[in-house]
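Chemist: Residue numbers (the working numbering), protein chains in the order written: chain A, 1 to 204; chain B, 1001 to 1274.
It cannot be assumed that every hint is accurate.
Unchecked claim - Below are the BS3-like pairs computed for lysine-lysine, each with C-alpha atoms no more than 27 Å apart in a straight line:
| id | chain 1 | residue 1 | chain 2 | residue 2 |
| --- | --- | --- | --- | --- |
| 1 | B | LYS1160 | B | LYS1038 |
| 2 | A | LYS141 | A | LYS164 |
| 3 | B | LYS1213 | A | LYS74 |
| 4 | A | LYS192 | A | LYS164 |
| 5 | B | LYS1104 | B | LYS1038 |
| 6 | A | LYS162 | A | LYS135 |
| 7 | B | LYS1104 | A | LYS73 |
| 8 | A | LYS141 | A | LYS152 |
| 9 | A | LYS73 | B | LYS1213 |
| 10 | B | LYS1038 | A | LYS74 |
Source of the hints: derived by calculation from the structure; they are not laboratory data.
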Amino acid sequence: MFVTEAYGQETAPAAESGYGAEGGAAPADAAYAGTEVPGEGGGAAFPPFDTSTFPSQILWLAITFGIFYIFLKKVIVPRLGAILDVRETRIAQDIEQATKMKADADAAVAAYEQELAEARGNANTIGQQARDNAKAEAETKRKSIEADLEQKLADAEARVAKIKEAAMQDVGSIAEETASAIVSALGGNSAKGDVSAAVKSVRS
Amino acid sequence: MVPVRRGLERTEAGCGLRGQQVASPDKVDPIHQFAINKIVDLNIGGFDVSFTNSSLFMVVTVVLTSAFLYFATSSRAVVPSRMQSVAEMSYEFIANMLRDAAGKQGMRFFPLVFSLFMFVLVANLLGMFPYFFTVTSHIIVTFCLAMIVILTVIGYGLYKHGLHFFNLFVPSGVPAILLPLVVAIEVISFLSRPISLSVRLFANMLAGHITLKVFSGFVVSLSAFGIGGMAGAVLPLGMAVALTGLEFLVSFLQAYVFAVLTCMYLNDAIHPGH
């Protein structure tokens, strides 16, 4: 302000005439052209230092910038702020949700793993049990069959012994008959008692 | 050739009329782009407050930016469209800047910093269009914007901290002998803030546009000398193209610097103790 005011006062009369003449078209150029070399003799007005235009510029700047400031303050800034806020909260929410979902998924995976481990453990015990049971059953079955077989073997042995006995008995009588037949064939007359006694002595 | 001849005639006519050296309108005048022309005459309380081309471009800047921000965000999509992305990026750019510089409490000034940044940025960029007026190339405009910042800083500082706000000028841990000197330096640096803030933006825009115009002017004047001139004009043409790119960078950079410094000054209002 200081510099411009001083300069402006110095050049005020010339500036005023120049400014006034600017309204027209062709003559204005001619009148204005004297300012081509500003500062030469101080008679010419350099437009930015032309104080006669200051009131107009100040007033119109105040009006336009004032309206602009109020418009931005009342409409644009709240609106842009709201847009950015909404986006920020939306992103924060989404991230939160994603984090929650991830935690859920992790928990589900952990639960699944746990269940799987449990199931595996169960399966093992069940298998073991089944195996043990089957083994025990087989053992008892085997034992009973063995016992059965032993019994049968013993029975069979007894029967064989009996049959053998019977057979031996038969062998005695056959031998007596054969012997008496042989004796009679030889012309002897053998007593039945003698023959059997002889057979008995041979056999024993 | 015809326009040049006509220009010469006009120059002669001008000489006769004004009795002094007058440039023709065909000659490149790098200052002409900053001239303020009345569109609607207005006079209130003895002040000339006409609606000028400067006012028109202020209105254009505000309407364009407001419309863009309004329609880009009208769908309020969670997944933004391209336009909405741009609006959101500018919002977050300034929000981060303010939060870093002035902390959470600084966010109450967000609408101010955001509107300052958008206004300066769009005004600068609009100025890059040929034949468009650059609002920020006038010192009074940038000075008013800077005063908005400084008055906000002083007003809020005094309201919030009372006289403790002036601790801003008294850094702690300075020896008593040096204190008057340091306080004087601090006061001067504080007072120079609105000037440096406004002059930086104004001078950058002004100088950039003048340079651009001068180099473009070389192209036009050299081309008038025939084939050789046209060949010679390639160099300034390349410069003009490069400068245009640079000016776009400067347009953004100056808006950014303005916003960053605003944030830092606001930090002083919120936390006056160093």
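Chemist: Now tell me, hint by hint, if it's right for this structure.
Modeler: Here's how the hints hold up against the structure:
| no. | hint | verdict |
| --- | --- | --- |
| 1 | B:LYS1160 - B:LYS1038 | violated, 43 Å |
| 2 | A:LYS141 - A:LYS164 | violated, 34 Å |
| 3 | B:LYS1213 - A:LYS74 | violated, 40 Å |
| 4 | A:LYS192 - A:LYS164 | holds, 25 Å |
| 5 | B:LYS1104 - B:LYS1038 | violated, 45 Å |
| 6 | A:LYS162 - A:LYS135 | violated, 40 Å |
| 7 | B:LYS1104 - A:LYS73 | holds, 18 Å |
| 8 | A:LYS141 - A:LYS152 | holds, 16 Å |
| 9 | A:LYS73 - B:LYS1213 | violated, 37 Å |
| 10 | B:LYS1038 - A:LYS74 | violated, 32 Å |
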